Amino acid sequence: MHILSADQFTKKQLEELFTLTDSIKSQFLTDKNKLLKKHEGKVLITLFYEPSTRTRLSFATAAAHMGMSVISTENAREFSSAAKGETIEDTARVLEQYYPDAIVIRHHETGEVARAAAVTKVPIINAGDGKGEHPTQSLLDMYTIWDSHKKHSGLKVVLGGDLLHGRTARSLAKLLTCFDGNHIVFNTIPELQMADDIKEYLDGRGVTYEEEPDMKRAFQNADVVYWTRLQKERLPAGVHIDQTYKIDKKAMSYLPETAIVMHPLPRVDEILTEVDDDPRAKYFDQAGNGMFVRMALLDTILK
Amino acid sequence: MHILSADQFTKKQLEELFTLTDSIKSQFLTDKNKLLKKHEGKVLITLFYEPSTRTRLSFATAAAHMGMSVISTENAREFSSAAKGETIEDTARVLEQYYPDAIVIRHHETGEVARAAAVTKVPIINAGDGKGEHPTQSLLDMYTIWDSHKKHSGLKVVLGGDLLHGRTARSLAKLLTCFDGNHIVFNTIPELQMADDIKEYLDGRGVTYEEEPDMKRAFQNADVVYWTRLQKERLPAGVHIDQTYKIDKKAMSYLPETAIVMHPLPRVDEILTEVDDDPRAKYFDQAGNGMFVRMALLDTILK
Amino acid sequence: MHILSADQFTKKQLEELFTLTDSIKSQFLTDKNKLLKKHEGKVLITLFYEPSTRTRLSFATAAAHMGMSVISTENAREFSSAAKGETIEDTARVLEQYYPDAIVIRHHETGEVARAAAVTKVPIINAGDGKGEHPTQSLLDMYTIWDSHKKHSGLKVVLGGDLLHGRTARSLAKLLTCFDGNHIVFNTIPELQMADDIKEYLDGRGVTYEEEPDMKRAFQNADVVYWTRLQKERLPAGVHIDQTYKIDKKAMSYLPETAIVMHPLPRVDEILTEVDDDPRAKYFDQAGNGMFVRMALLDTILK
Numbered sequence: 001m002h003i004l005s006a007d008q009f010t011k012k013q014l015e016e017l018f019t020l021t022d023s024i025k026s027q028f029l030t031d032k033n034k035l036l037k038k039h040e041g042k043v044l045i046t047l048f049y050e051p052s053t054r055t056r057l058s059f060a061t062a063a064a065h066m067g068m069s070v071i072s073t074e075n076a077r078e079f080s081s082a083a084k085g086e087t088i089e090d091t092a093r094v095l096e097q098y099y100p101d102a103i104v105i106r107h108h109e110t111g112e113v114a115r116a117a118a119v120t121k122v123p124i125i126n127a128g129d130g131k132g133e134h135p136t137q138s139l140l141d142m143y144t145i146w147d148s149h150k151k152h153s154g155l156k157v158v159l160g161g162d163l164l165h166g167r168t169a170r171s172l173a174k175l176l177t178c179f180d181g182n183h184i185v186f187n188t189i190p191e192l193q194m195a196d197d198i199k200e201y202l203d204g205r206g207v208t209y210e211e212e213p214d215m216k217r218a219f220q221n222a223d224v225v226y227w228t229r230l231q232k233e234r235l236p237a238g239v240h241i242d243q244t245y246k247i248d249k250k251a252m253s254y255l256p257e258t259a260i261v262m263h264p265l266p267r268v269d270e271i272l273t274e275v276d277d278d279p280r281a282k283y284f285d286q287a288g289n290g291m292f293v294r295m296a297l298l299d300t301i302l303k
Numbered sequence: 001m002h003i004l005s006a007d008q009f010t011k012k013q014l015e016e017l018f019t020l021t022d023s024i025k026s027q028f029l030t031d032k033n034k035l036l037k038k039h040e041g042k043v044l045i046t047l048f049y050e051p052s053t054r055t056r057l058s059f060a061t062a063a064a065h066m067g068m069s070v071i072s073t074e075n076a077r078e079f080s081s082a083a084k085g086e087t088i089e090d091t092a093r094v095l096e097q098y099y100p101d102a103i104v105i106r107h108h109e110t111g112e113v114a115r116a117a118a119v120t121k122v123p124i125i126n127a128g129d130g131k132g133e134h135p136t137q138s139l140l141d142m143y144t145i146w147d148s149h150k151k152h153s154g155l156k157v158v159l160g161g162d163l164l165h166g167r168t169a170r171s172l173a174k175l176l177t178c179f180d181g182n183h184i185v186f187n188t189i190p191e192l193q194m195a196d197d198i199k200e201y202l203d204g205r206g207v208t209y210e211e212e213p214d215m216k217r218a219f220q221n222a223d224v225v226y227w228t229r230l231q232k233e234r235l236p237a238g239v240h241i242d243q244t245y246k247i248d249k250k251a252m253s254y255l256p257e258t259a260i261v262m263h264p265l266p267r268v269d270e271i272l273t274e275v276d277d278d279p280r281a282k283y284f285d286q287a288g289n290g291m292f293v294r295m296a297l298l299d300t301i302l303k
Numbered sequence: 001m002h003i004l005s006a007d008q009f010t011k012k013q014l015e016e017l018f019t020l021t022d023s024i025k026s027q028f029l030t031d032k033n034k035l036l037k038k039h040e041g042k043v044l045i046t047l048f049y050e051p052s053t054r055t056r057l058s059f060a061t062a063a064a065h066m067g068m069s070v071i072s073t074e075n076a077r078e079f080s081s082a083a084k085g086e087t088i089e090d091t092a093r094v095l096e097q098y099y100p101d102a103i104v105i106r107h108h109e110t111g112e113v114a115r116a117a118a119v120t121k122v123p124i125i126n127a128g129d130g131k132g133e134h135p136t137q138s139l140l141d142m143y144t145i146w147d148s149h150k151k152h153s154g155l156k157v158v159l160g161g162d163l164l165h166g167r168t169a170r171s172l173a174k175l176l177t178c179f180d181g182n183h184i185v186f187n188t189i190p191e192l193q194m195a196d197d198i199k200e201y202l203d204g205r206g207v208t209y210e211e212e213p214d215m216k217r218a219f220q221n222a223d224v225v226y227w228t229r230l231q232k233e234r235l236p237a238g239v240h241i242d243q244t245y246k247i248d249k250k251a252m253s254y255l256p257e258t259a260i261v262m263h264p265l266p267r268v269d270e271i272l273t274e275v276d277d278d279p280r281a282k283y284f285d286q287a288g289n290g291m292f293v294r295m296a297l298l299d300t301i302l303k
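Keeping their order, the protein sequence lines are chains B, V and C. The opening position of the first sequence corresponds to residue 1 in the numbering used here, with each subsequent residue numbered one higher. The opening position of the second sequence corresponds to residue 1 in the numbering used here, with each subsequent residue numbered one higher. The opening position of the third sequence corresponds to residue 1 in the numbering used here, with each subsequent residue numbered one higher.
In isolation and in its complexed conformation, chain B is listed as follows:
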């Protein structure tokens, strides 16, 4: 079983995955040592064609906490046979011969990870392929909502920041359609608004959404605020970053007590550090959930 796209999961499979994540997380926090025996001696290869330290370390620690050995390459693009013109299919078929129990691949080009998966029986996990998929990010985002609200339906979810270019907000919007009665609010400047393909996807799946440029109105009664990083170089000419929305203490005051604030990280200054101690700020827990979701995914494919 390969993990190539968040789309590959049915609602039932997502619920099973999140239930398994709950169970692994709780076991880890109460008795780590038992987990260490779970996949003792199994071998994970992390093959990164472009750097993503956070994602790599998250997978590596997830594996190590379950007793696996981790063999890593940080910059396969420069270092590997790829520089000599080897296809990723050949690379995958060679690595398969080393009998790893799973391979995590990060690639700079869309579709390459799926190509690797197509030729090998070793479970492949896509850790991001260019502008393509990054399923474990979407899954950890969705899991964090489940983890906080103990449900994944009937939620008001505000998406903010750079909705036009940001892969994570787009993926989360799609994943929200797996569950019933969610309502999405796009809260950003017009120049960074969510693209039509996602809106059409939501239309087709019966998920309601609105564009609400006013932060106060957007945040009212929200269950989830999902904020994303703005890159200066992606702002339209004439738009200064200070003209976009930032989450500060005042913005937090618009939110209900039960809301959560998420961010895929790294953040720069679109969420001020003054917010970090607010119990609704869940972006660091979200990173931790990433590790637990990856443990659950590894556990699933290693069975």
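It is worth saying that the hints were derived from the structure and are not from the lab. Incorrect hints may have been included.
Claimed, not checked - Here are some of the chain B residues that sit facing chain C, going by a computed Cβ distance under 10 Å: (1) 57; (2) 58; (3) 231.
Claimed, not checked - One side only, chain B facing chain V, incomplete, derived with CB under 10 Å: (4) 90; (5) 96; (6) 97; (7) 153.
Computed from a predicted structure; not experimentally measured. Heads up, the beta-carbon is just placed ideally off N, CA and C, and yes, glycines get one too.
Please arrange chains V and C on chain B, whose structure you already have, making use of the hints.
Just chains V and C, lined up with the frame of chain B:
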């Protein structure tokens, strides 16, 4: 005991190594868990002064499958004390103080690995030193022949591709002289023909050989075809890569059913992918044998 | 408990650390396997924002010898979220969520490691922060003196080489003030003499010192010679490296039989290799002591 050159092995030692590889491979494929206890807790350092992801991962997984911890550096040349003018002897003497159980070294300069080995009691394995030796490659090549034919003598072995520059074909030719009655056929264009030093070496050891530019005649009754990568930049002016030999389905039809086709990989297009599913295509198994031979070598030096 | 600076240790704590190092070293050299169970399954992250292969491998092997898993990044500066403008506080808070048992950080900027430590409960070890601290180096230097002389007081310690720029000699001078009756001799050319801030520090702590440009007189009755690397580019204009002091066999003849010669390594030619076999040459043992001191530090913070 250091592993510095394929030349250091007698015929008897090679046979012992291959028998041990057979045994480890069979044990791994039937009961991995036993092997995991074999060298549990021992520490392997892989010190790579130039990148070679394939070789590094092969050693690292070999070690991990026997329960070892692997400590790696991917680019010692740029990162290490070498940049500050430290000799490899000093580096080896420092690493020795960290009590690793073995050190695998890849270096961009010939002779450096042997210099490291000369000053330390920690077993050193040469994973390639510039234009010098790459003993584990030669050994895995020879093992693959043994593994497929259950013998290493009396074989007709065709060497093709870039015989002039390719280290692997040169090394295999030398290693074939350890056994009786092998006959070598050089099948390439005149500009990439095997150099005289190897021919003289074969003469001195009583191994017969011929140059046969015709692929069909070369492949007739062959037991082994060992093909190597052509690099455009090494072709003589005026020679196009399409004028050299490629192995396609037609070429395969010249070969006996019992022949095997090997390649050290990565390949570009000197063997077409249409050949991959042919049972005689052994280049991926060959990569896997590399891991098993490395397990056997580690097992030998750790005793 | 974080390890941020050698200054954080009292005399009593240093003695406890060195006693623990003695005990771990002796246990390792007699029965490695017991140590392997000590921190089995715990996870160490080594986060290096600049390369320092020696230090990284020393920590990694220290951890591996006690059964820990090591997750590494060799060049976090280039690879990590830092490139996207993430603060080290955010990075530390994210890594904390992966539940490592300790994090070793090397950073190119002074103070960054302490900033990371300020926001996390995971034990942080400073493996060097720019021109700031490198506590494990100072501790291993001091431990090597203790290990050889079975005392740390009443010693005549010669510091030589580049005392002006060298961080290690400066730190050792400071650490020597923790113990009674040590006398320091600065033996170098005027242009590379120890800076006034350290002399004032020694004055304030009642440690005596002198500048003695003559090597023979400096070495007379010395207990310890601590030599450091000269970098050509740091020599003043007009001063050639051969006009500085080198330790050769003749220089060794000035030293008592009981003296020891130390160097933080890498050395270039300020200590000739002809000295390496002299039993007083302790620079390689010193590197090994580095690993044992790091084992003791890890053991201390993991309790």
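Checked hints:
1. 57: 6 Å, holds
2. 58: 6 Å, holds
3. 231: 8 Å, holds
4. 90: 6 Å, holds
5. 96: 8 Å, holds
6. 97: Check passed: Cβ of residue 97 of chain B comes within 3 Å of chain V, closer than 10 Å.
7. 153: Where the cut-off is 10 Å and the nearest Cβ of chain V is about 43 Å from residue 153 of chain B, the hint is violated.
Taken one by one, the earlier hints fail for this structure only at number 7.
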